[in-house]
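Its first residue numbered 21, the sequence shown is counted upward by one per residue in our numbering.
One thing to keep in mind: the hints can contain errors.
Claimed, not checked - Below, simulated DSSO-like cross-link-like pairs (lysine-lysine); rule was C-alpha separation at most 27 Å, straight line:
(1) K134 to K23
(2) K97 to K131
(3) K23 to K48
(4) K69 to K56
(5) K26 to K97
(6) K26 to K153
(7) K48 to K26
(8) K131 to K172
Hints were generated in silico from the structure; no laboratory data involved.
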Amino acid sequence: QNKAMKELNVGEDFTGFCIIRKKELKQKKNGELYLKLEIGDRSGRLNGKVWQEAKELYVGLKVGQMIKIMGTVQSYKNTREIHIHRLRAARQQESEKRGDLLPKSDKDIQKLKKLFTEHLYSIRQEKLALLLKQIFKNDAGLDKYLSLPSGKLWHHNYLYGNLEHLVCLLDLAETLFCHYPYMKKELLKTAIILHNLGNIQQINLEGFIDYTTIGRLIGH
Numbered sequence: 021q022n023k024a025m026k027e028l029n030v031g032e033d034f035t036g037f038c039i040i041r042k043k044e045l046k047q048k049k050n051g052e053l054y055l056k057l058e059i060g061d062r063s064g065r066l067n068g069k070v071w072q073e074a075k076e077l078y079v080g081l082k083v084g085q086m087i088k089i090m091g092t093v094q095s096y097k098n099t100r101e102i103h104i105h106r107l108r109a110a111r112q113q114e115s116e117k118r119g120d121l122l123p124k125s126d127k128d129i130q131k132l133k134k135l136f137t138e139h140l141y142s143i144r145q146e147k148l149a150l151l152l153k154q155i156f157k158n159d160a161g162l163d164k165y166l167s168l169p170s171g172k173l174w175h176h177n178y179l180y181g182n183l184e185h186l187v188c189l190l191d192l193a194e195t196l197f198c199h200y201p202y203m204k205k206e207l208l209k210t211a212i213i214l215h216n217l218g219n220i221q222q223i224n225l226e227g228f229i230d231y232t233t234i235g236r237l238i239g240h
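Using the sequences and the accompanying hints, generate a full structural model.
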C-alpha cells in the first residue's frame, strides 16, 4: 500500500486520491491568483496549493469531491503542505472507493467488539437492559453506532473511534467500581454506552468527517 499524505516527508512526491475539504481562491503579492485546498485521506488532512489555472479550478472543483493529485510535500512556515502539479476529478469507478479515504482505528476491531459486547451483556438490571435492547434493536444499528468517529477533530476522530472510546470508558468504569464498590456500575455503564448516541445524526461521513447542520446547531 502506498504511503498516505501525512506519512510523507518534506521533499517526497505523492500521487494518489484525496477528498477536497475546503477551497479558497487566494492572491499572491504580485496579484496572481492561486488555489488553496484543504485535502484529506486516511492519514488526515493537509493544505495543498495549485499555482496554475487557479480560477478555473476553483469554479470547477467542489467541496467533498474526490480527486487524484500529483504533487510534492514541501514545508511552509514549519508546516507540511503539498504543492500540487496536476489534478483531476476521480472517475466513476474510482469514486466507489472514496470510503477508503476515511481514517480508521488501527486497533483490532473484532477484539474491541468482543470487549464491548461483554460490557453490554454485563448490564442485567432489568430496566437498563430493556432500554439498551429497545435502542439497539438489531446488530446493524449497533454496528453503525460503533463504527462512527467519536468526534470530528479532538479525539477518536476516525472510523470505529466511537467503539474504541466506549470500550476505554467501560474499562475505566470497572476500575472505578473496584475502588468505589457502592457506585451504581450498571447505571454508569449504560450512560457511557449511550452518551454518544447523538453522533448518528451529528456526524457526516460523505468523503470526510464533518458535522451535519444538526450537529453544528444542536451537538450530540
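Hints, one by one, checked against the model:
With a CA separation close to 31 Å, the supplied pair K134 and K23 exceeds the 27 Å bound. Annotation: proposed proximity of K97 to K131 is violated, straight-line Cα distance about 42 Å (limit 27 Å). With a C-alpha separation of about 31 Å, the suggested pairing of K23 with K48 is violated against the 27 Å cut-off. This hinted pair checks out: K69 and K56 have alpha carbons roughly 5 Å apart, not beyond 27 Å.
With a CA separation close to 16 Å, the supplied pair K26 and K97 stays within the 27 Å bound. Of the supplied pair hints, the one linking K26 and K153 is violated, its CA atoms being roughly 41 Å apart against a limit of 27 Å. Proximity of K48 to K26 is assessed by CA-CA distance (about 26 Å); at most 27 Å being required, the pair is judged to hold. For the proposed pair K131 and K172, the alpha carbon gap of about 24 Å is at most 27 Å, so the pair holds.
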